[in-house]
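Participant: What follows is each chain in one-letter form.
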Amino acid sequence: RKEVEQDPGPFNVPEGATVAFNCTYSNSASQSFFWYRQDCRKEPKLLMSVYSSGNEDGRFTAQLNRASQYISLLIRDSKLSDSATYLCAVTLYSGGGADGLTFGKGTHLIIQP
Amino acid sequence: DAGVTQSPTHLIKTRGQQVTLRCSPKSGHDTVSWYQQALGQGPQFIFQYYEEEERQRGNFPDRFSGHQFPNYSSELNVNALLLGDSALYLCASSSGQGTFYYEQYFGPGTRLTVT
Numbered sequence: 001r002k003e004v005e006q007d008p009g010p011f012n013v014p015e016g017a018t019v020a021f022n023c024t025y026s027n028s029a030s031q032s033f034f035w036y037r038q039d040c041r042k043e044p045k046l047l048m049s050v051y052s053s054g055n056e057d058g059r060f061t062a063q064l065n066r067a068s069q070y071i072s073l074l075i076r077d078s079k080l081s082d083s084a085t086y087l088c089a090v091t092l093y094s095g096g097g098a099d100g101l102t103f104g105k106g107t108h109l110i111i112q113p
Numbered sequence: 114d115a116g117v118t119q120s121p122t123h124l125i126k127t128r129g130q131q132v133t134l135r136c137s138p139k140s141g142h143d144t145v146s147w148y149q150q151a152l153g154q155g156p157q158f159i160f161q162y163y164e165e166e167e168r169q170r171g172n173f174p175d176r177f178s179g180h181q182f183p184n185y186s187s188e189l190n191v192n193a194l195l196l197g198d199s200a201l202y203l204c205a206s207s208s209g210q211g212t213f214y215y216e217q218y219f220g221p222g223t224r225l226t227v228t
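Just so you know, the sequences run in chain order A and B. First residue of the first sequence: 1, per our numbering; consecutive thereafter. First residue of the second sequence: 114, per our numbering; consecutive thereafter.
Derived by calculation from the structure, the hints in this document are not laboratory data. Cβ coordinates follow ideal geometry from the N, Cα and C atoms, glycine included. Treat the hints loosely; a few may be bogus.
What the hints assert, rightly or not - From the structure, some residues in chain B lie toward chain A, with a derived Cβ separation under 10 Å: (1) V117; (2) S146; (3) G155; (4) E165; (5) Q169; (6) Q217; (7) P221.
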């Protein structure tokens with residue numbers, strides 16, 4: 001089983017719709033969770049850290065389910081500019097600092113006009 | 114406030130050669146991590162540097178080595194290049210060793226092509 005798994009998509013979604021995708025992780029000791037957005041041939045940009053209580057930033061909501069070992073990202077009122085690949089990342093915390101990030105392969109989202 | 118910078122942006126090398134990539138972290142950050150991203154894949158962790166030492170290493174061969182300087186900038190060296198080393202090499206910086214939520218910010222990457 002891969003450490004971090006995501007549905008690669010593509011998810012084709014009409015503009016204005018709500019879209020959600022999940023990411024599962026295998027290491028139950030994982031302690032920090034993140035969503036990154038990556039545009040074609042660009043670097044990943046941090047979208048959100050995912051806190052245990054869940055968190056929201058504008059149209060974006062992230063949730064963590066430790067029992068089932070997944071994180072989710074919900075995008076409301078989707079815009080054309082939301083078209084991108086969404087990467088989830090997890091990490092452990094050891095020796096006084098967080099370890100390197102383990103990424104999924106990403107979910108490709110296409111918002112259609 | 115300058116973000117993470119990397120150089121060069123693109124590089125073409127021949128099999129067997131050696132390459133050095135450079136990274137300057139975001140102002141105020143003291144930790145640098147390097148990742149390799151092949152086409153269609155998520156970034157894979159190579160190693161992380163903190164206080165000029167390799168703090169953690171991913172599953173990469175010894176051909177991949179690095180260094181961190183007193184000003185926190187870092188280099189990634191790859192020896193005996195293989196065709197499979199062709200990828201986007203990303204540097205990420207962060208701060209707050211001892212901070213639980215430890216956010217990494219990526220530079221624009223160096224696209225390496227090995228022919």
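Participant: For every hint, state whether the structure bears it out.
Facilitator: Structure-based check of each hint:
1. The criterion of a C-beta within 10 Å of any C-beta in chain A is met by V117(B), whose closest approach is roughly 8 Å, and the hint holds.
2. A cut of 10 Å between beta carbons decides the hint on S146(B): the least distance to chain A is about 5 Å, and the hint holds.
3. Checking G155(B) against chain A: minimum C-beta separation of about 3 Å stays under 10 Å; hint holds.
4. For E165(B), the suggested interface contact is broken, since its CB lies about 14 Å from the closest CB of chain A, more than 10 Å.
5. Checking Q169(B) against chain A: minimum C-beta separation of about 5 Å stays under 10 Å; hint holds.
6. The criterion of a C-beta within 10 Å of any C-beta in chain A is met by Q217(B), whose closest approach is roughly 6 Å, and the hint holds.
7. The beta carbon of P221(B) is positioned within 10 Å of a beta carbon in chain A (closest approach about 5 Å), and the interface hint is therefore held.
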